[in-house]
Every structure is written in C-alpha cells, then in structure tokens.
Amino acid sequence: MTTKNLALKVNGEVHQVNANPKAPLLFVLRNHLNLKAAKFGCGQGLCGACYVLLDGHPTQSCDVPVEAMEGIDIRTLEGLESTALQKLFIELQAGQCGYCLSGILVSATALVKKGRGHSRQEIAKALDKNLCRCGSHGRIVEAVYRAQEA
Amino acid sequence: MAATSASLINNPRLSHWVGILPDGRFELRLGKVELGQGILTALKQIAMQELCVGGDAVELAEQTTETVPNEGLTAGSLSIQHSGEAVRRACRQLRASYLGAASLLTDIPASALTVVGGNIVDRSGRIATSYAALQEKVDLTVDVDIASDLSLASGEPSGAKATDLLRVDLPDKVYGRPTFIQDLVLPGLLHARVIRPPMHDADLGEGAEVVLAKVSSSVTIQRDGNFVAVLSDTEEDAYLEAAKVAGGLTWFPKVPMPPNPPRLAAWMREQANETTVIHDVAATPAAVVAATSFTSSYFRPFIAHASIAPSCALARWEGGKLDVWTHSQSIFHLRGALAASLQVDLRSVVVHHVQSAGCYGHNGADDAAFDAAFLAMRASGRTVRVLWSRENELGSSPVGSAMTADISAQLHADGSISQWSYEVWSNGFLGRPGYSGMPAFLGDSNRAGSDRLPPSADPRREGGYGIGRNAVPAYSLDGTKVTLHRLLSMPIRTSSLRCLGAHLNVFAIESFMDELAVAGGFDPVAFRLQKLQDERARQVVERAADLAGWGSAKPEEGVGRGIAYARYKNLSAYCAVVAEVEATESLKVRRLTIVVDAGLVVNLDGLLNQVQGGAYQAVSWALSEEVRFDQTGITSVDWEQYPILRFSEMPEVRAFVIDRPDAPSLGVGECVHGPVAAALANALHDALGVRVRSMPLNNENIVRAIEEAPQ
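Protein chains in written order, with the working numbering: chain A, 6 to 155; chain B, -2 to 708.
Derived pair list, reagent style DMTMM-like, types lysine to aspartate or glutamate, alpha-carbon separation capped at 20 Å:
| id | chain 1 | residue 1 | chain 2 | residue 2 |
| --- | --- | --- | --- | --- |
| 1 | A | K9 | B | D230 |
| 2 | A | K134 | B | E637 |
| 3 | A | K92 | B | D169 |
| 4 | A | K92 | B | D161 |
| 5 | B | K241 | A | D68 |
| 6 | B | K585 | A | E127 |
| 7 | A | K27 | B | D230 |
| 8 | A | K134 | B | D635 |
| 9 | A | K130 | B | E646 |
| 10 | A | K134 | A | D60 |
These are computed hints drawn from the structure, not numbers from a lab.
Working from the sequences, and respecting the hints, build out all of it.
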C-alpha cells in the first residue's frame, strides 16, 4: 500500500508520520506514535473505546482516515490534563476491566470543560456513546459528578 | 478446618506460592488471572495481611506456565475460595517460619515477636531483626500446612482488617498506560486478521480463490480449508484488506440454523438430547390432598459475552519453541490443547497471560491463541499478532446457551408446595479446549480435513453443574424432581458464560415462586421465608426487603416491586434482590437493592464493585440482550444489532454485604445475575399485572405476554 507523509497535531505537538492515508487515525496513534490509551473496540464508531478529542469534541478515531486529520487538534487521554478526574476514578475505583476507561475519560473531560453543575442524569446521558460491559456505570457517573466540584 | 482448596492440594509446596526476591521482598505467584474482577488485588491483600507488610513488599510474579502454580481455570467464582485459602495458608506459614528463625537468633520466644513494616520486633517494640536479614534462614521447599485452623482469630495477629487495597491494576488503565494484550508490542510483529463465517460450521463458497488472489501486495494470505487469514507488516493494511476480503467471500452453513425466538423454545424441545435426573425426592402421602396445580414455561435467548475488546493473541515459533501470549482463563489448559492440536511437545510450549478487557466466561481468547500459534508456525520465527474484529467477537465467540424450562407444582392452602417438577432444555456450557477429548479450537475445526466442533459438554455435579446450576430449588418442598436435557446438536456454538444455567434456572424458579405467592394471596417475601430454613438465606431476604422498603406504599401508579433470592450453586454466596421498576412505554428499572452474604469479606470495596457490576450486566441481559440469527449465521454482530444497556438506561444500584468473619470466603462474581433477572420480572408483574416468562423483558415480549395471557 502506498504511504503518504502527513503532519498530525497530537497532544499539542506536530508529528510527521508516513502512513497509509486510508489508515484509521486510531492505528496511527497507537502504532506510529505509540499512544496506546485509545483502544480498538468495534471499528464502526459504536462503542466509544477509541474516543479522542478532535478540536475539543469527543469523536471516534477508529473509522476516520488519517489523511483527513491534518490541521485538526487531536488530543488523546495521554495529552489531557484531567488529573482531578483521573484521581477520582481511582479513589472511587470506577472501573473493572478498564478497557473502556480511556474513551470514557475523554468524553467526561469534554463534559466537565463545558461547564460545571451537570446532574448525574446529564452526565449519564453525556456518556451514552461509551459502552461499559463490566458494570462500572454508577461509580463512573459519581466520579465525573464529583470532579465538577474539584 | 483442613484445606479444601484444590489450588493448594495440586500445588502443595510453599515455593509454588511465594518467593523471596534478592532485596528481601516477596514475590507472590498466582495461577488465577485478572479478568477485570480485581482478583489480583484481593489476593495481594491477603498476602499483605498475613505477612504484615505493605503493598511495596509484595510483587506479583509474571504469569506464565513456567512461573506460576497450575490453578486450572479462573472461573466459577472460586478464586477467593481456592486461591485465597492457598495464599493465606502459605503466607501465614512463611511469616511463622520467619518468626521461628528470629527466635533462634535472638532467644526471644516466637510468640513474643511480631512483624512491623518488614521488621521483626519484640513486645517492647524494639527491632530484633528483619525479614530481609533472615531471608537465608527460611526454607521454601517445604509443603504448606493444610491441617491447621484457618480462621482469622487463630492467626493472631495477622488477618487484622487493614484498609482495603485499591485495585493494583487500575491506575495504569486510568492514565492510559499500555497494560492490555492489545497494547503489547514485540519486535518485528506480523499483524493478522482471520476471516470467519458468521457461524462455526460453514464452507467457503466458490470463487474464494479469485477473491484471495486479488489482495493487495501489502498483505499475504494463509489458507487451510475454511481457515483464512490476512497478514501484513502493518496493522492498518491487514485491517483494511481483511475487510475487503471478508466482503468478497461467501459462506455456506453445513448445518441448518434454528428458528429465532419465540419459536426457538419449541425447536429446542424437539432436538435429540441427553436426559439426566439430578434430583428426585418423592412426595409424602400428606402431599396428596386438595391443592391447586400450577404449570409455567420460561425462556432465555442465547446471550453473547460482548466484551468491549475483541479477542487478541500473539505467538512466536522459533527454535522448536512456541511462545503464546493470551488472555485465556487457563494458560495451562490452553498449553495442553495447543500442543495437541499443533502436534508440538508440551514442554516446548510456554503460555503467557496478559490482561484483556472484561472476561465473562469462555470467549474467543483461546481461539485467538490458536489462530496466532497456527499462523506463527508458518511465519519463519516472526511474532504474529492476531486481533479479532467486532463481527468475530459477537458472531464467532461461543455464546451462553438459550434455555427453556417447565415447572409444575401443587400449592396448598397453607402456602406449602408439593410435587415440584422442573425440566430444562439447553446446549452444554462446556466447550473449552481440551475438555471434550479434542482440542476444540474454532480455527482448528475450520482447517481442511478437521473434525467439526462437538456439541458442548456440561459441568458435572462436582463442578456445580452447567445446565443444572441452581436448578434444584433451595426451598423446603414436599417432593421435588429435577430433569436436565442437554441438546446433542449445536448449530450455534455454546460454552460457559457467567453463572451458566443459573441465570435461567433462578429466573424460572423465582418467577414461579412469585406466581404461586400471588395466586395464593401470600406476600412474596413471607411466602419465601416460610420455606427457607437456612438462617443466612433468611437474613439476606429479610435485609433486602427491609432496605428496599418492602410493604411500604408505592410512590405512584405503574411502579412495581419484586423480590428474588438464590444461593449461587446452592453452596456459594447468598443473594437477595429487590427491584423497583416503572412500566411506562417500556420497562424502566429505577432501583435495585441487593444484599449478599459471602462469608468472610476480604476486600469490601472490591466485593461491592463485583456485585454492582454483576447487577448492571444482569439488567442489560434481562432487558435487552438476545443473539439473533438467520440461515446465513449469526446476524447480531455489531452494537446496533446486539445492543447492551447504556449509562442513562442503568438503574440506581444499592449493594449491601453481611460480613461473616467466621465463615469461609465465597466468590461473588456470579451470584446476582439470576436473582436480578427474576426480581425484574416479578416487579414488572407487580407494576403491570402481566407475567413475562421469556427474556429479554422488552416490549416485544411484554406485548406477547399480554396477548397470550388468559382472559
């Protein structure tokens, strides 16, 4: 497959990568830039495991071609300053297997940045695109709720 | 109490469990693996308590078939019982031998010495010596004492309840550091995708050669019969080309698929089956008096594991040695089955465990390991990484069997029940590699000339049954007969899924108990208590009812409450659930109140997390999950066709634990699913007056139940 040189702005830094232009962004983040936080879950944008922030919006990275990503501000969990949120996830043990957490933390970070004072119901609604199979829903919502006060 | 831990009996030596690192710290060697349930944390906490040290002093050994004790499967909610006991006994004995060595050195009686932060101190608190100073003086080659009393009181001063250890694996996951097998990178990876039919037993259609010949030069193809893999130096090329290839191939099922629900239940009853009566107690003559007969049938569909991560494995074949990295529930069984299927000497296979996303039973992990190993043996020493697609994960992993059951019984005027008869039909829950006399890997069965997968077997009585798990009711009944029918055809591949048959059996029994209570005009809680002799069972039911405000006025119209109870496997954790639901345009679960008694609690927060997690998953199973299929195979292969419940659809879950410091610790990973399902159906009946006996409790099944209800 022919590859192409691309300039990607990831976590505030511009990286030159040589990749298949049709490659999903997720594979480039994980395999070319060694950023392993975003996960492959479905490849169809239906589970949220691969979420990153694209220009501040939580978006799937598994089915967007990397060639469309030049000029976009890409942030992965590694580049988020969400320490308060992350500390609360650990404090409340908000996770079981933890595979969904990167995507959930990306969605939650965007929500908390948007403003404080979201109710637990609003938080749950905002996380509806992220699937969790082990059943950490209650603790995750609580951690995000408390992070608004932090 | 003497040891009952299979883990310890099979691995009796102290050094099987614990080692001493050069710096004097300890290495804990565990054969049970992390599946997302927090077992490593709970076991490490036991070791810390018994050795009287902090978390920094205990390292967890890398888990490979070369380094850890063979503890069989990590399954069945048995890890806390089996491994917990082994670690407790081993670490308690090790501490005692350090104190013995300290006593010899210092002339202070061992009984006057204690351990504080790795130092051995006398009664005045003066440091006499330390673990590190004595490491040459203890012998790890001795056997662990299995006869001594293991109760906490006898272990003075260890076992004091320290603060719960937080999950040891969680920080890396919260900070996005590589921890999962999907994150593992080894030098020179060859990325592979396996193209699979949407059922386990299908032939490639004509024209496959043409499709496979047209692939891009960036990939290579490996084909053996109906096993097709696409390999590339880069993951993106393997991924993109595999999607193209998959789109071009056609498959022809070798066996007809069954009809979807609601006709599936009748189909199951018509299939050839193996019939076993597991319980048969005749009624007393007193039972043959005036009573009312009741009969009902229940159903659950096939349910998928639906892990958030697709299965993954890596393998390397080099110099006659096969290394495999896997998230299997049993690295030792997997090693044996791989050696047998690939015809390699067992001693030249090393299996390494690496975590994946949540595992709820026999999923695709072992099959992915076979895929990787098979391809590695054709890859000239390169390490092959296989990652399944979402379609593979939902369409090719084994699923939990659909089940259907009939119950009949006689209800007497005083609320007693006689002549209880229970019959259940299901595929088996045991399709794991190496159990049915053949390796039973999906990929192996797809190869040219291979045997097809046999219909899954089922765990026996000593394994807590599969189809028959919790099929014998815990209530005092006058005359009980329980009959199992294991299907001998398996168009849809089944194996173990969390709590096995207990899900449908508890749903059926506890729904039927509710039906009898309602029909006889009895309160469902009192009706159950009348027939529960076990004090611990009574207490979880009473506590759950109290905490949920059972009997208090309901907040509004359309709201219902339901209760259900079961003791998992009839010998493990006790669990009672009260569900509060609201029936508007669809069933909405407001709240679950859960009380669990699991004996001595090791890590309270970890236990609660397991109970809560099980409850959320059980709500999703009961309300929305159902594997769908047609004659081309399984069709519910993405998250739109196989929806699981989302954040905003989840109820409030309140979980409580009755701690029993004098009773053995019991696992809780599977005790809630059955009771939650039944409590929901009972609450739905309370809210709407309609009895829904088929899961999922969705609008389709609610409407059907209304239409079929006698007028």
